[in-house]
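Q: Here is how the chains run, residue by residue.
There are 2 protein chains.
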Amino acid sequence: MDQMWQVATTAWEPAAIVGNGNKFMIGNGYLGYRGTLDEFTAEDYVAVNLLGLYDQHGDAWREPVNAPNPFFTQVQVAGQPVGVKTTPVLAHRQWLDLKQAVHHRKTTFDVGGAQLTVASARFASGADDHLLAQRVTLTCDQALTITLTSAIDLNVWDINGPHLTPVTTTATGASLQTGEGDTVQIHTHIAGLSGGRQVTTPTLLGTKWTLSLQPGVPVAFEKMALITTSHDVGQPVFPPDYATALQAHSQAWQRRWARSDVVITGDEAAQQALRYSIYQLLLLAPHHLEMSIPARGLSGQTYKGAVFWDTEMFMLPFFNYTDPQVASKLLHYRIKTLPAARAKAQRYGYDGAFYAWESQEDGRDGVSDYNVTDVFSGRPMRTYFGDKQIHISGDIALALWRSYQQTGDEALLTDGAAVIVESAKFYYSYSYWKPDKKRFELLDVLGPDEYHERVNNNAYTNKLAQETAKLALTAMARLATVDPQAYAAVCAQTDYPQWQARIEAFAAQLKVPTPAAKTHLIAQFDDYFGLEDVLVPAVRERLLKPNEYWGGAYGVAADTQVIKQADVVFMLQLFAQDYTIETLAANWRYYEPRTEHGSSLSASVYALLATQIGASDWAYPYFMKSATVDLTGETKQFAGGVYIGGTHPAANAGAWQAVVQGFCGLTDDHGKPQVHARLPQEWTQVSFCLQQRGQWYRALVTQKTATLTPIADPAQEEDHGHA
Amino acid sequence: MDQMWQVATTAWEPAAIVGNGNKFMIGNGYLGYRGTLDEFTAEDYVAVNLLGLYDQHGDAWREPVNAPNPFFTQVQVAGQPVGVKTTPVLAHRQWLDLKQAVHHRKTTFDVGGAQLTVASARFASGADDHLLAQRVTLTCDQALTITLTSAIDLNVWDINGPHLTPVTTTATGASLQTGEGDTVQIHTHIAGLSGGRQVTTPTLLGTKWTLSLQPGVPVAFEKMALITTSHDVGQPVFPPDYATALQAHSQAWQRRWARSDVVITGDEAAQQALRYSIYQLLLLAPHHLEMSIPARGLSGQTYKGAVFWDTEMFMLPFFNYTDPQVASKLLHYRIKTLPAARAKAQRYGYDGAFYAWESQEDGRDGVSDYNVTDVFSGRPMRTYFGDKQIHISGDIALALWRSYQQTGDEALLTDGAAVIVESAKFYYSYSYWKPDKKRFELLDVLGPDEYHERVNNNAYTNKLAQETAKLALTAMARLATVDPQAYAAVCAQTDYPQWQARIEAFAAQLKVPTPAAKTHLIAQFDDYFGLEDVLVPAVRERLLKPNEYWGGAYGVAADTQVIKQADVVFMLQLFAQDYTIETLAANWRYYEPRTEHGSSLSASVYALLATQIGASDWAYPYFMKSATVDLTGETKQFAGGVYIGGTHPAANAGAWQAVVQGFCGLTDDHGKPQVHARLPQEWTQVSFCLQQRGQWYRALVTQKTATLTPIADPAQEEDHGHA
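Residue numbers (our numbering), protein chains in the order written: chain A, 5 to 727; chain B, 5 to 727.
Watch out, some of these pointers could steer you wrong.
Stated by the list, open to error - Sample of chain A residues facing chain B (criterion: CB under 10 angstroms; computed from the structure):
#	residue
1	Gly353
2	Asp355
3	Ser433
As the list claims (entries may be wrong) - The calculated SDA-like cross-link candidates involving lysine to any residue, where the alpha carbons are at most 25 angstroms apart (straight line), are:
#	chain 1	residue 1	chain 2	residue 2
4	A	Lys110	A	Ala224
5	B	Lys441	A	Gln504
6	B	Lys549	A	Pro384
7	A	Lys438	B	Tyr388
8	B	Lys442	A	Pro439
9	B	Lys442	A	Asp499
10	A	Lys438	B	Lys549
11	A	Lys89	A	Leu215
12	A	Lys515	B	Lys438
13	B	Lys441	A	Leu514
14	A	Lys438	B	Asn460
15	A	Lys522	B	Arg351
16	A	Lys442	B	Lys474
17	A	Lys441	B	Asp391
18	A	Lys438	B	Arg506
19	B	Lys438	A	Asn460
Think of the hints as simulated: they come from the structure by calculation, not from any bench.
In this text the structure is predicted, and so the values were computed from the model without any measurement.
Idealized CB from N, CA, C, for every residue including glycine.
Given these sequences and hints, build the entire structure.
A: Quick look at the structure:
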């Protein structure tokens with residue numbers, strides 16, 4: 005198989021269990037199945053993570069529910085379990101087939117001198133959200149009697165569980181209930197083996213066989229599982245067999261890859277990393293409901309399984325260009341959760357819509373006021389992600405408008421205008437007027453750089469807030485023209501006529517980031533340049549404990565100019581057209597050595613802005629950092645004592661952005677795409693497909709040329725190819 | 005001697021050295037001499053603390069200079085030093101004669117079977133600022149040969165020293181220089197012994213005698229010291245002898261006591277504690293220059309020897325009523341330092357006058373941005389005393405105006421109006437306008453309760469700020485009437501005509517503390533009632549280390565309703581006339597169990613407001629706590645790792661206020677004093693003198709009656725008595 009379509013490991017070590025569980029994920033937007041081995045259990049972070057189904061256990065953080073694992077597989081020889089943790093391993097390989105989206109493992113064990121090989125494949129069907137399928141093959145080089153157990157393992161990994169209580173169980177299925185009253189059903193079907201006996205323990209539901217393996221004669225079984233929840237409608241059914249299921253799954257993935265693959269010529273490392281990044285985005289795309297993608301995807305319960313700005317500011321461009329139906333679902337999730345955002349604003353004493361920082365299924369905020377633990381005192385630390393990181397509403401408003409501009413989907417305007425207006429109202433009501441300076445200010449906020457808390461006039465936040473106000477005016481003016489009835493409805497819903505003048509004043513008189521005349525530098529917030537001017541390595545040396553929090557009131561970064569992630573640079577990347585190239589470049593150069601990149605969101609932003617200032621060589625390492633975050637990246641597993649591991653879809657999407665919007669210069673010129681060649685030196689060519697306003701294009705970018713050719717939907721071409 | 009005029013201890017233990025050094029202080033406003041024993045050295049916290057002379061050593065905090073100790077006295081027998089730390093003690097007594105302001109000690113040592121008694125007296129002359137006098141008497145019950153050394157000890161106790169480098173030294177004196185270039189001169193003169201030989205080591209300058217003591221025959225010497233600095237004018241001279249010096253000193257103190265003593269009948273403990281409190285205030289009163297009283301008096305270098313709001317909000321009433329010349333000096337210190345307050349405002353980007361939180365001689369702010377050490381990480385913690393505790397300017401403005409009202413001293417108006425106007429300008433420029441609420445707000449401040457940092461609309465601060473604005477308008481209106489020339493000058497100095505309308509708007513539209521309709525409660529700041537509602541003991545139990553800081557971002561009190569000290573209650577005590585008795589009482593009752601009294605300033609405020617709501621029984625324990633703070637109080641010696649020990653003149657003054665303004669109800673009715681009987685149950689009578697607008701009165705308050713009788717200046721009566 006083409007190396008460029010594969011991610012593999014041939015080593016196995018206990019320390020890699022968590023990392024491999026993320027790296028070798030499969031999923032279909034409905035659920036994610038972690039890249040664990042067949043014999044693994046809850047302690048190995050096995051999880052079948054469900055999108056959008058949350059539960060709270062006791063006083064702990066509310067988090068998504070992990071379904072039981074239908075594919076627990078245990079081989080025993082002479083009563084001893086065979087597995088990588090207990091048995092000498094002669095050969096081992098674990099890999100993802102990215103093209104087909106199938107997880108594989110093949111391990112040869114030394115079982116008392118006999119070489120027993122366990123091979124398995126599994127996938128989360130791209131054709132049926134509820135379907136998981138597994139195929140296991142056992143081979144031995146000599147005659148060997150084994151027992152084989154295939155079971156649903158009810159003992160699931162939870163950060164803050166347990167969430168599921170069995171209501172009814174059989175040897176092939178179970179119905180379970182969450183603490184909040186939702187239900188999860190799991191049904192399994194096995195083919196290929198007969199004569200087993202039922203296994204039903206409190207945690208295992210399955211079948212056990214005693215098998216006499218003959219030298220060189222494989223023994224195999226296939227298992228399929230259907231997982232449904234009380235959120236679903238309809239009843240899925242088992243396909244006739246594994247091969248049929250695999251075919252439907254493969255075809256679905258072929259269509260997806262046809263639309264979204266990016267082919268890089270001249271850089272295999274970049275090609276593989278980018279393709280893997282796209283794979284991650286494809287496995288997360290929700291096709292079945294108006295829900296968005298959690299910050300750690302479907303890799304587990306980290307960050308409460310919540311949706312952050314990651315979707316709007318990083319993932320949305322990929323979907324807008326390659327799968328607008330998914331993009332529409334992501335955006336309508338925010339439209340749908342407007343009532344929760346209004347309620348949050350009201351709770352804090354503001355008008356308008358203050359979106360959740362950690363948004364769960366209905367827009368409720370999963371954020372805690374105490375998100376970090378002080379590693380010195382062991383006490384929870386008051387953090388301000390929920391109540392001060394107000395840029396979230398502007399992120400959503402901007403994403404809505406830019407998606408509307410790009411796609412021309414009028415539903416985004418009619419349904420989304422209220423979101424933009426309510427967000428603008430929120431900023432107005434959050435702001436203060438400074439009489440002697442004759443301006444509005446946004447005080448006491450947390451910008452993208454979370455290491456500096458409770459700052460005034462954060463550049464990113466203020467620019468977003470101003471843009472939100474402008475967009476509210478623009479959107480409503482347009483809505484009045486194109487859909488007077490919808491305009492009237494939004495006016496009634498938002499009280500816009502009473503607010504219009506205030507929003508105009510706010511847009512005109514908010515303090516916004518302005519570059520200094522000589523240096524072109526923009527202060528990240530008021531008095532930022534008065535902080536200690538020191539670079540990242542010096543601040544790192546001040547750490548007393550490796551996992552202490554850099555931010556907070558007293559963290560090592562707090563009183564310095566060292567920042568967590570792109571902030572001014574992000575603002576400039578988003579609004580490059582409002583600033584001179586000197587300003588873009590000067591700020592990139594200033595902030596770059598002062599950025600710790602403590603967030604996986606940071607690297608791709610630096611990559612993107614670097615391409616915009618004509619410095620693709622500066623951009624390249626940041627692109628690669630973003631693209632490899634889940635392959636080889638050393639990401640933080642803990643922040644101030646809190647587990648934050650998992651996959652990084654925003655970084656995956658940022659890598660795509662860096663290539664497509666960065667190196668290939670894809671921009672939206674009033675609804676028409678444009679590309680510009682600014683490839684890294686070693687790359688000879690990049691090609692990819694994209695659609696805009698219903699028209700598909702193939703982009704071909706070389707060192708010197710950039711062309712867009714209108715084409716038919718490449719997914720339909722694929723279908724024809726297979727027909 | 006009358007017990008009521010004495011403070012004494014007969015026990016000696018090493019752990020009491022620091023506490024006794026504070027408790028047995030003597031002083032005369034120019035200098036303070038700690039209550040240490042004659043044989044003590046720098047390690048025992050011996051200090052001769054100079055008012056208003058500061059020095060910075062290296063990068064450490066700038067602090068007041070301690071002069072050399074002129075009275076180091078060492079007795080040796082057979083080469084072994086005799087002293088409480090090294091020699092068996094048969095009897096020991098250390099006491100203050102409060103009436104005469106003389107420190108005494110008398111100790112009988114067992115010196116190899118012989119009983120050797122060392123007795124000494126010393127005072128800081130109330131008649132000559134520069135003069136210190138000591139008398140030492142040695143007696144033995146059997147013949148004994150001893151050596152006696154009396155020397156200037158140049159090795160002084162410093163927190164952040166050394167500050168003094170000897171320039172010239174002789175056996176009787178030295179001239180020394182600070183790092184900042186100031187000089188300190190010390191001259192000594194000994195009488196009563198002859199035949200000694202000079203001692204001049206690098207740190208000791210004096211005389212050593214070998215003496216043959218005869219049984220029961222005392223041997224004595226007298227020593228006088230003159231201390232001057234380069235800040236002084238004129239050259240003091242030695243008085244002829246100790247007795248003459250003592251007489252002048254005693255007469256001065258007789259005059260002071262005649263004016264300021266308060267006689268309580270029926271409660272000896274209260275009488276003694278209050279008299280001791282008054283003693284402390286008298287020994288601190290600056291007679292020689294426009295300087296104010298540091299927060300820890302002249303007991304050392306704690307809190308950088310800086311002047312806080314303690315003077316204006318606690319000490320000033322005592323001096324206004326008993327020694328208006330001193331009060332005038334205290335106030336003119338603030339008037340003199342207006343330029344520094346304007347410079348501070350400008351440094352932080354504001355208009356007007358932002359007074360120093362820790363004011364040193366010229367009004368410069370000694371405050372550090374890192375005033376507390378995190379006991380868990382050992383790191384300095386960012387604190388906000390300097391940049392956010394903005395009530396200081398209003399404290400000064402209010403004190404100026406109320407002193408002016410009380411004394412009728414027009415100089416306070418002509419010289420002080422600019423202070424009030426500049427303070428009002430400062431508040432205006434610090435404030436923001438909240439358009440949808442149509443009000444000004446004061447955001448991101450630190451109120452008197454320092455445990456809650458960076459709060460919005462602190463009740464105390466906002467009320468003070470509004471009052472300051474009102475007073476600016478009132479003061480300028482009055483000045484225009486009574487002194488048009490001065491008015492014109494202040495207008496020119498402050499640009500008042502340009503500011504008047506803004507100050508009017510600010511006074512009319514600032515958010516000010518308003519009691520809730522049903523509960524009458526006032527929130528200490530925005531969202532205060534949303535904090536965890538828990539009482540002091542529960543919060544104390546959360547401490548992981550005894551000396552950790554309760555405040556800061558993550559201190560045990562930070563996210564609770566537990567506060568450091570009177571805040572809303574202080575505001576109500578100052579502005580009781582603006583609120584109903586129900587409001588005063590409800591808030592006293594609400595905040596009292598939530599107040600930790602982590603500041604010695606807190607107790608007297610609770611006492612005062614309790615008397616105002618007719619609850620003298622609630623007031624009494626708070627009065628006693630305030631009055632005994634330096635006698636028996638368990639005050640914090642460390643806050644977050646920083647030494648904060650010393651005397652507590654604001655608490656001493658608060659005790660006086662609690663009796664005179666609280667239990668005796670002294671108020672100012674448009675320039676006329678009034679008293680009201682509200683004594684604690686056990687007290688039968690209180691009598692004291694006071695002056696207002698040049699007229700002296702004797703107040704006599706019983707359980708049921710309260711009378712004021714005009715009298716001649718009681719100090720002059722005293723003089724006549726002695727003539």
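Q: Take the hints in turn and mark each one as holding or not.
A: Results for each hint:
no. : hint                : in the structure
1   : Gly353              : holds, 8 angstroms
2   : Asp355              : holds, 7 angstroms
3   : Ser433              : holds, 6 angstroms
4   : A:Lys110 / A:Ala224 : holds, 13 angstroms
5   : B:Lys441 / A:Gln504 : holds, 18 angstroms
6   : B:Lys549 / A:Pro384 : holds, 16 angstroms
7   : A:Lys438 / B:Tyr388 : holds, 22 angstroms
8   : B:Lys442 / A:Pro439 : holds, 12 angstroms
9   : B:Lys442 / A:Asp499 : holds, 20 angstroms
10  : A:Lys438 / B:Lys549 : violated, 43 angstroms
11  : A:Lys89 / A:Leu215  : holds, 22 angstroms
12  : A:Lys515 / B:Lys438 : holds, 15 angstroms
13  : B:Lys441 / A:Leu514 : holds, 18 angstroms
14  : A:Lys438 / B:Asn460 : holds, 15 angstroms
15  : A:Lys522 / B:Arg351 : holds, 23 angstroms
16  : A:Lys442 / B:Lys474 : holds, 24 angstroms
17  : A:Lys441 / B:Asp391 : holds, 20 angstroms
18  : A:Lys438 / B:Arg506 : holds, 13 angstroms
19  : B:Lys438 / A:Asn460 : holds, 15 angstroms
Going down the numbered hints, you'll see the structure goes against just number 10.
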